[in-house]
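Trainee: Letter by letter, the chains look like this.
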Amino acid sequence: MAEPHGSTAADLTKGAAGAGTGTATALLEVQGLSASYGPVRALDGVSLRAEAGRITAVLGANGAGKTTLLRTVSGLVRPTAGRVVLDGEDITRAPVEAMVHKGMAHVPEGRGVIAELTVDENLRVGSLFRGKVGRDEFDRVYDLFPRIAERRDNPAHTLSGGERQMLVVGRALLARPRILLLDEPSLGLAPRIVAQIFGLVRQLVDTEGLSVLLVEQNARSALSVADTGVVLNLGRVVVTDDARTLAADEDLRHAYLGF
Amino acid sequence: MEEFLSLTLGGVVSGSVYAAFALALVLIWRSTRIVNFAQGSMAAATTFIAVAVIDSGQSYWVGLVVALLAGLVLGAVIERVVIRPVEGGPELNAVIVTLGLFIAIQGAVALIFGVDQRAFVPPFSNIGYEVREGFTLLSLSPNTIWTVGAVLVTMVLLIALFRFTRLGLAMRASAFGQEVARLLGVRVGRMLTLGWALAALVGALAGMLIAGDVSFISPNFMDQLIVFGFVAAVLGGLDSPIGAVVGGLLLGLALSYVRGYLDDSLLGMAALVILVVVLLVRPGGLFSTTPARRA
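Protein sequences appear in the order of chains B and F. The numbers in the numbering used here rise by one with no breaks, and the one at position 199 of the first sequence is 199. The numbers in the numbering used here rise by one with no breaks, and the one at position 127 of the second sequence is 127.
It cannot be assumed that every hint is accurate.
What the hints assert, rightly or not - Computed list of chain B residues with no C-beta within reach of chain F, every gap over 12 Å:
#	residue
1	Ser-74
2	His-101
3	Ile-114
4	Asn-122
5	Tyr-256
Stated by the list, open to error - Under 7 Å between C-beta atoms, here's a sample of chain F residues computed to sit facing chain B:
#	residue
6	Pro-85
7	Gly-89
8	Phe-176
9	Val-180
Stated by the list, open to error - Chain F stretches covered by chain B per the calculated footprint, using a threshold of three residues with CB under 8 Å from any CB of chain B:
#	region
10	96–109
11	164–173
Quick caveat, the hints were computed from the structure, so don't treat them as lab data. Model, not experiment: these values are computed from the prediction. C-beta atoms are modelled at their ideal positions from N, C-alpha and C, and glycine is treated no differently.
Excised from the complex, chain F in its bound form:
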């Protein structure tokens, strides 16, 4: 029972990071129909920038803000410069472009910051609370609470943006009805740029949280997360931000149980098995309610 509780909590923690990462993928997918394979290396880049800031003597929080801002800028620049020319073209072109970006950014990070692992000090202690004499919940620490809380706050802010603001409505209209939105005066190009910027910001947050969890970073430290984030996004249906969150949490729980009851080395495979099963049984995701999109 104690092990189950510990694994469940651990699943929620890692699941919330998967959720953030899946959310970043979903934001881009639903507005531009592109799976951004570069999301992981973009997040690695912004995390390295944050570490450089922190190493220069600034606090973690300054580093975090810099990482988020760097994400915003990186996302916007990449959309304008690299993605815009392939938008609306054959889907494979965009896929190849984001794969190329993934390699290029990872290479750039390695060139600038070196390939060695670097220590990353989380803002709060990673030592679990002792809930009862002799029983420490490893997955319930100040840092895991911060991780889950940061993701939750980000989700709530994003949902509020999309649901309750005119900007959010313009972004959703641009995502789902580009031509109609343009005819009604929405600057669709700007909305797509903003979508990429927000996605990269969420990705940057995920990078910082993962780094705090594993305590070290290297240029490819986000590689596994792109797989988990993608599986979580597909679980949730790729189009739905809320689906991404639920998908992330479910995947986090599933993988946590695999890690605890089976073996650590099976994580990657378990994620891919879940992906294949979902695609076979419910290709629209677990919560698909809307009918297939009309052209």
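Here chain B stands alone, though its shape is the one from the complex:
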């Protein structure tokens, strides 16, 4: 049974140790991050660690600050306090455009396909910053997602919701990230498609050493693939624990996760 606790750095260490992940190295570390939209404080001293080769799921209701957390980590929102450290480097003030060079790929909420471009062009945008990229890397993404391979020359606005999600994940993979930030990938998708996409993400983590920071309202699905869960409520971390422990905690599930 995880004890809901505050979100100071000391608590975080305790939480991480309690989750039995103390030995793994934190690839991404968020320390006391706060952010506001005008007078509204969306993040209030959030600390968490995303470990290398793991899936860290950030869970919570609408308005808990999940999306703001990812947007602040990738620089789209500037924090009012706190630090973001990627593999030992402080990237809190780094420009958004630089994040992908540092190994972070952020797939924003709402799919983020560029509707006017074709499927193949969308993928190519993902690898633009790397210069010339071999065709085999694209073929690999198409192998992962045969459904978008069939439609590679179609405009992206003709894709279904699930295909769009596959496209943006594939596009992020072409950026060769060390850590993938996924914002609500299950939003509006059929359970079968969600399972397929989550299964694929898990497979990439296990076989390629990818690290994932996953933000989800669909806590049940997220906890079924994640290693660690972080529950946010009203901009604060409520609890950090092993995903299985969280999923088994009925009180917590009822209070914050809605299942």
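Place chain F on chain B using the hints.
Mentor: Same frame as chain B, now just chain F:
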């Protein structure tokens, strides 16, 4: 029949210049959602610079290159200095800024070069070919061939840039998905600056071609073209470079027939009537296929 042929050819010639001008508007609109009302006075400025170069004893071609380069620089500087602060803000702010620029640049041109009309000598003869004994096609001259050819080559180069190069893909990604492009490492700011620079270059070309057609320039000689270019761009759907080209040609033909069969003085009104009808019947332009953009 001979009159119809002559009017059609004339429509293609003026339509190709409208197309170039519409293309300049579209390049800016689709990347920054701003209608650049200053496009006409920017083109007037670069044409005046070219005339100054030509008057100093250089050839037309040196003048043309200077005009194009001046367009590139002017477009980039205006985007960085004046437009960047209002980008992403309320749309009306940007509209007012480009209207202000339109007046300011026109005033600056008048201050520097004077308000008098100046002669402009086109690079090739404007005398029409005599296709048959006693029948001269006024609208088919070495200069009109150069005009259409220059626009065509520019279009092909631009389309190739957008379709086949990584730079073009980065520009399109920046135009249609700013946030996603930034997250994927595209320097969106640079791409927007480049978009304005390219647009101003195309506008500068249109200015030089129009000047060659009418044979004189004054600080406001591009004023009517901004209306025609805008109508052509709306005809084509504002978002589509190819639409702008087709829209320009269609408008050129329509106005040429109005001029030939009705009256010269109806041109401005005819253009505006076409604009209103298009906006009423097909607000997305004649060729709108993509659905409304998602926010």
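Trainee: A separate judgement is required for each hint: does it hold in the structure or not?
Mentor: Now for the hints, and whether the structure bears them out:
{"no.": "1", "hint": "Ser-74", "in the structure": "violated (6 Å)"}
{"no.": "2", "hint": "His-101", "in the structure": "violated (6 Å)"}
{"no.": "3", "hint": "Ile-114", "in the structure": "violated (4 Å)"}
{"no.": "4", "hint": "Asn-122", "in the structure": "violated (8 Å)"}
{"no.": "5", "hint": "Tyr-256", "in the structure": "holds (28 Å)"}
{"no.": "6", "hint": "Pro-85", "in the structure": "violated (18 Å)"}
{"no.": "7", "hint": "Gly-89", "in the structure": "violated (16 Å)"}
{"no.": "8", "hint": "Phe-176", "in the structure": "holds (4 Å)"}
{"no.": "9", "hint": "Val-180", "in the structure": "holds (5 Å)"}
{"no.": "10", "hint": "96–109", "in the structure": "violated (count 0)"}
{"no.": "11", "hint": "164–173", "in the structure": "holds (count 5)"}
Checked against the numbered hints given earlier, this structure breaks hints 1, 2, 3, 4, 6, 7, 10; the rest are met.
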